[in-house]
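Asks: Below, each chain spelled out in residue letters.
Number of protein chains: 2
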Amino acid sequence: MNQQVREAQYAVRGELAIRSEELKNELVVGAKLPFKRVVGCNIGNPQALDQKPITFFRQVASLCEYPDLLKDENAEATARLFPSDAIARAKLLLKNIGSVGAYSHSQGIPHIRANVAKFISERDGHPADASKIYLTQGASAGVQLTLQMIVENSKVGIMIPIPQYPLYTATLAVLNAKAVPYYLDESKGWGLTAEELQRSYDDAAKKGVDTRALVIINPGNPTGQCLTEDNMREIIGFCSRNKVILLADEVYQTNIYQPKERPFHSFKKVLKSMGHSYNGFELISYHSISKGMVGECGRRGGYFECEGLCESVMEQIYKISSISLCPNVQGQIMVDLMVNPPKKDDPSYAQYKKEYDDIYFSLIKRSQLLVDTFNSLEGCTCNPADGAMYLFPQIRLPKRAIEAAKAAGKEPDHFYCMAMLEATGVCMVAGSGFGQVEGTAHFRSTFLPQPELFDGFCTGIRKFHSDFMNKYKD
Amino acid sequence: MNQQVREAQYAVRGELAIRSEELKNELVVGAKLPFKRVVGCNIGNPQALDQKPITFFRQVASLCEYPDLLKDENAEATARLFPSDAIARAKLLLKNIGSVGAYSHSQGIPHIRANVAKFISERDGHPADASKIYLTQGASAGVQLTLQMIVENSKVGIMIPIPQYPLYTATLAVLNAKAVPYYLDESKGWGLTAEELQRSYDDAAKKGVDTRALVIINPGNPTGQCLTEDNMREIIGFCSRNKVILLADEVYQTNIYQPKERPFHSFKKVLKSMGHSYNGFELISYHSISKGMVGECGRRGGYFECEGLCESVMEQIYKISSISLCPNVQGQIMVDLMVNPPKKDDPSYAQYKKEYDDIYFSLIKRSQLLVDTFNSLEGCTCNPADGAMYLFPQIRLPKRAIEAAKAAGKEPDHFYCMAMLEATGVCMVAGSGFGQVEGTAHFRSTFLPQPELFDGFCTGIRKFHSDFMNKYKD
Chain U
1 MNQQVREAQY
11 AVRGELAIRS
21 EELKNELVVG
31 AKLPFKRVVG
41 CNIGNPQALD
51 QKPITFFRQV
61 ASLCEYPDLL
71 KDENAEATAR
81 LFPSDAIARA
91 KLLLKNIGSV
101 GAYSHSQGIP
111 HIRANVAKFI
121 SERDGHPADA
131 SKIYLTQGAS
141 AGVQLTLQMI
151 VENSKVGIMI
161 PIPQYPLYTA
171 TLAVLNAKAV
181 PYYLDESKGW
191 GLTAEELQRS
201 YDDAAKKGVD
211 TRALVIINPG
221 NPTGQCLTED
231 NMREIIGFCS
241 RNKVILLADE
251 VYQTNIYQPK
261 ERPFHSFKKV
271 LKSMGHSYNG
281 FELISYHSIS
291 KGMVGECGRR
301 GGYFECEGLC
311 ESVMEQIYKI
321 SSISLCPNVQ
331 GQIMVDLMVN
341 PPKKDDPSYA
351 QYKKEYDDIY
361 FSLIKRSQLL
371 VDTFNSLEGC
381 TCNPADGAMY
391 LFPQIRLPKR
401 AIEAAKAAGK
411 EPDHFYCMAM
421 LEATGVCMVA
431 GSGFGQVEGT
441 AHFRSTFLPQ
451 PELFDGFCTG
461 IRKFHSDFMN
471 KYKD
Chain D
1 MNQQVREAQY
11 AVRGELAIRS
21 EELKNELVVG
31 AKLPFKRVVG
41 CNIGNPQALD
51 QKPITFFRQV
61 ASLCEYPDLL
71 KDENAEATAR
81 LFPSDAIARA
91 KLLLKNIGSV
101 GAYSHSQGIP
111 HIRANVAKFI
121 SERDGHPADA
131 SKIYLTQGAS
141 AGVQLTLQMI
151 VENSKVGIMI
161 PIPQYPLYTA
171 TLAVLNAKAV
181 PYYLDESKGW
191 GLTAEELQRS
201 YDDAAKKGVD
211 TRALVIINPG
221 NPTGQCLTED
231 NMREIIGFCS
241 RNKVILLADE
251 VYQTNIYQPK
261 ERPFHSFKKV
271 LKSMGHSYNG
281 FELISYHSIS
291 KGMVGECGRR
301 GGYFECEGLC
311 ESVMEQIYKI
321 SSISLCPNVQ
331 GQIMVDLMVN
341 PPKKDDPSYA
351 QYKKEYDDIY
361 FSLIKRSQLL
371 VDTFNSLEGC
381 TCNPADGAMY
391 LFPQIRLPKR
401 AIEAAKAAGK
411 EPDHFYCMAM
421 LEATGVCMVA
431 GSGFGQVEGT
441 AHFRSTFLPQ
451 PELFDGFCTG
461 IRKFHSDFMN
471 KYKD
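Sequence lines, in order, name chains U and D.
For what it's worth, UniProt numbering labels the leading residue of the first sequence as 1, then goes sequentially.
For what it's worth, UniProt numbering labels the leading residue of the second sequence as 1, then goes sequentially.
Calculated directly from the structure, the hints in this document are not laboratory data.
Please note that the accuracy of each hint is not assured.
Unchecked claim - Derived BS3-like pairs (lysine-lysine); straight-line CA-CA distance at most 27 Å: (1) U:K354 x U:K260; (2) D:K132 x U:K24; (3) U:K188 x U:K260; (4) U:K24 x D:K319; (5) D:K118 x D:K206; (6) U:K406 x D:K319; (7) D:K354 x D:K343; (8) U:K71 x D:K118.
Said to hold, decoys possible - Pair by pair, the computed Cβ-Cβ distance ranges are: (9) D:L70 x U:S131: 40 to 50 Å; (10) U:L94 x D:G409: 55 to 65 Å; (11) U:L94 x D:I18: 53 to 63 Å; (12) U:R241 x D:K32: 26 to 36 Å; (13) U:K353 x D:A350: 43 to 53 Å; (14) U:L453 x D:Q9: 25 to 35 Å; (15) U:K343 x D:E122: 26 to 36 Å.
We put the beta carbon where it would ideally sit given N, CA and C, even for glycine.
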C-alpha cells in the first residue's frame, strides 16, 4: 500500500468524528446517553446543523433537475410553487447547459465561468477572464489539483500556516512534498509578518527544500483572522522576491464579522492595485459554495482563478481536469447562483436578502457568544473571529489531565475533546490536528449550532469544562 | 511543474474534442460550415446527444432539491406535478439525508449504501456488506482513488487491456506507475486469454516491474466485448496464482446487447461461485450512474465495492476519501435511484419501464446500424458490440493518406478522425488514444446519436469515408 497515503492525517474527519458517528448510531437505536443529539462542531457544515438553504437557489436547482416543470402544460401549477425569476433563471441556465445529466466542458460551463468572471470584476474593480477560471467540485478539489501540478518531486516545499486547515498537510503528505510551516502569532490576534514568512522560507532552504508556493487562508481557518491590505501587500512582496506562487484560499470571503475594521480584500484586487511591476505575478485564488451564507457543502462546487500562469501550464490544468471529465453540474449551477444572486427589483430579492442577512447577523452574534463562553472558562483564552466559521481557543490543562492523556496514549487536547464529546455530544477537533506551538493545547469549534439551541450549547460546554477541571485538579 | 502530469494523455477530451468545441462555437456565431451540428461521438455522454433522462429519477431529485414542495400547504400543486411514489421516495431520502446541501458521511450516506448492498445481493445471489461500499463522484474518481492506494512506488505495475479506456494510462502516468499491457485479440471478437495475461505479467516481471493489480473492463471499452463465465474463472485463477488484485470496471453492466448469448456476470458473483478456496481474494468492482439507461454523467455519481481487503486498508480508503469530504449528495441520490428503481405496481413503474426499454432497444438497433455502416466502408472491419456504448473499427488507410498524416505530424488514425470532424461535424477518437497493435489504425465511436438522426449520421460517415479514400487513393 502507498506509504504516503498511510501517513496523511485529516483530523477534521478523524477519530473524534468517527466516534461521533458511533454515538449518533447509538442514539438512533435508543441508547441512554447524557445528551439527546450529537452536535458536529468539527466541520463547517451549516446545513447539517439545520441552517436553512437560500430558497431562491434551491428553487432554481429544483427546476433544472426536472425541466418538465417548465413545459407549457405545467405552467400554472409551477407558477404556484416557483417565483417568476427562479423560472426565468432555470430556463436561462438550461439553455446554456442542455441537461444537468450531461458531462460539461471539463473546465466548467462557459456561461457560468463568464458569470464568475463578471462577479470577480465587480468585486475587485479589475477585469477577470473566464478562460482563466476553472470550476471545481469544491475548493478542496481545486487545491488538490493545483498542488499536484506544482509538486514536481519530494524536494518541493509548500509554505502553510500553523495552525492550518489539514487539507493542506494531508494533500502534501499524499503528494510526498514538504510542508514548510510558518507560524501565526496568537498573541497578536493570529497575525502574520513578512519576517516570519522569510524565516520559514530560509529555514527550509537551508534544509534543501525547494519552496514553490505559499498558502494563505484568508479569512483564516481555524484562526478566523482577516488580513489588512498592508499586510497583503507585504505578502505579495515576499512572494515576488522569493519567486513563489501565491495560493489564496478565500472560501470565507463573505464570512466577515467586523466589516468596517477588518473588511475582506481579495489578493487579486490588492495585487492589481500594486501596478505594472507585478505583471506576471503568479496567483491562484479559490472560492467555494460550501461556506458563506450559501453553505451548500454537500453539493461540492467551487472555482479557482489563475493569474499570471503561462499558457502551457493552463493547458496542463485543463488536461488534468479532463481526466475526471467535469465537475458535477449541480455544483456548477450553485456557483452561478452564488455569484449572481437576485438583484434589487427581482421578485425574489426581498426574501433572498432577508434569508442572507438573518444567517449573517446570527453568525456574528453566535461567534461573540462563543468567544465569551470560551474566555469565561478556567485556563482558556480565545481570540475573537474577524471572519470564517471557527474559534481556536487555547486551553491550559492541569498536569493531572496531561498525565491521564499520556496514560491513554492521546495528545492532551485530543483527550479533552474526546471527554467533551462523551459528556455533551459536542464534537470539536483537537488543535494538534491543525498544528500549534509546541507545548500548547487548542481546539477548534464552529459556531454553527442554530440560534435557538445556542444558549444550551454554551451552557453544556461550561458545565463540561468545569467538571473536567475539577476531576483533574492539580 | 509536475512532469508526470505533463506526460499523462487523455485522448477522449484531447485535440479532437478541443477542435470540436471550437467548431461548436463557430456555429453559434453563424459560421458557414459543411454541417449544422457538432455530434460528439468521442465520449459516452448520452444526454448531450438528447437522450431523455428517466422521468422518475429527475422527479425525486427535483423534490429533494426543494423540500418546500413537500410541505402541506403545497401538497395540492405538488401532487399535480409529481406522482405519489416520487413524493414518497423524496421524503424517505430526505429523512435519511437531512439536507442535500450538507456534507454526508465520507464513505457515502449509510441508507444509500445499504440499498446498494441490497442491489448487489439480489443481482449476484450472494450477500454484500454496506460497510465495504464507497460511494464516489463517478467511477473515474473511484478508480483514481484505489489506484492511488495501490501504487506504492514507481516500480509498481498495473495490468491494463490494450485497447483500454485512457483513464487508466492517464492515472498511472500521473501516479508514476507502470502500465503493464495485455492485448485483446481483435480477430476473436476482442477475446482475452489467461495465456496472454501470464505473458504480460511475466514480461513485466523480467523488466523488474512489481505487478499488483489487473484491470478488466467488462463489458469492454472501447471494444464492447462481454466476458463469458468460463473466461472470468480463468481470470480469477490467474489473479489468485499471481497474487494480484482484480479491479473490475463494470460500469456498462446494463448495456448488454446479446443478453442470451453474452449476458453480464459480475466478477463478484463468479468469484463467490468458486468456493471457499478463494476466500480472501482481493476484488474491487466499480459501477456508475453515467452509463446504462441512466446516463446521468454530469451528476458524477457511482460506487465501488471492496471484497477481501483487510480492515486496515479499508480504514485508509475511508481516510483518503475524507480528505475530499464526501461525494456530492445529488450524485449519491441518483445511485439510490439506479439501484432501487420503481417496482411493479408502483405508480411510476409503467413509465419507467417504457423509458428504460425504449433507450435499451434503440441502443441495440443503433449499434447494429453502425456496425453495418462501418463494415460497408472500404478497408474497414468492425466487431459487433456485445455491450457498452462503443464500436472500435479497424481501418486500413491508403499509403498516400498515411504519408499525408506524417507530413502533418499526426498519427494516421488521428489524421482520419480530424478530417471526418472537419467534413461532417462528427467527433470520434483515434485508436492511438486507446492503444492498438503496432501498425494498425482504429477509431472509437459511440452509437449515441438519437434514432431520428441516425440514418443521416451513418450516411454522412459513408460519404466522408468515400471522399477521403478517393482523395488519397494509392
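Asks: State the violated hints by number, sorted upward, taking the hints as numbered earlier in the document.
Replies: The structure conflicts with hints 5, 8, 10, 11, 12, 14, 15, although it agrees with all the remaining ones.
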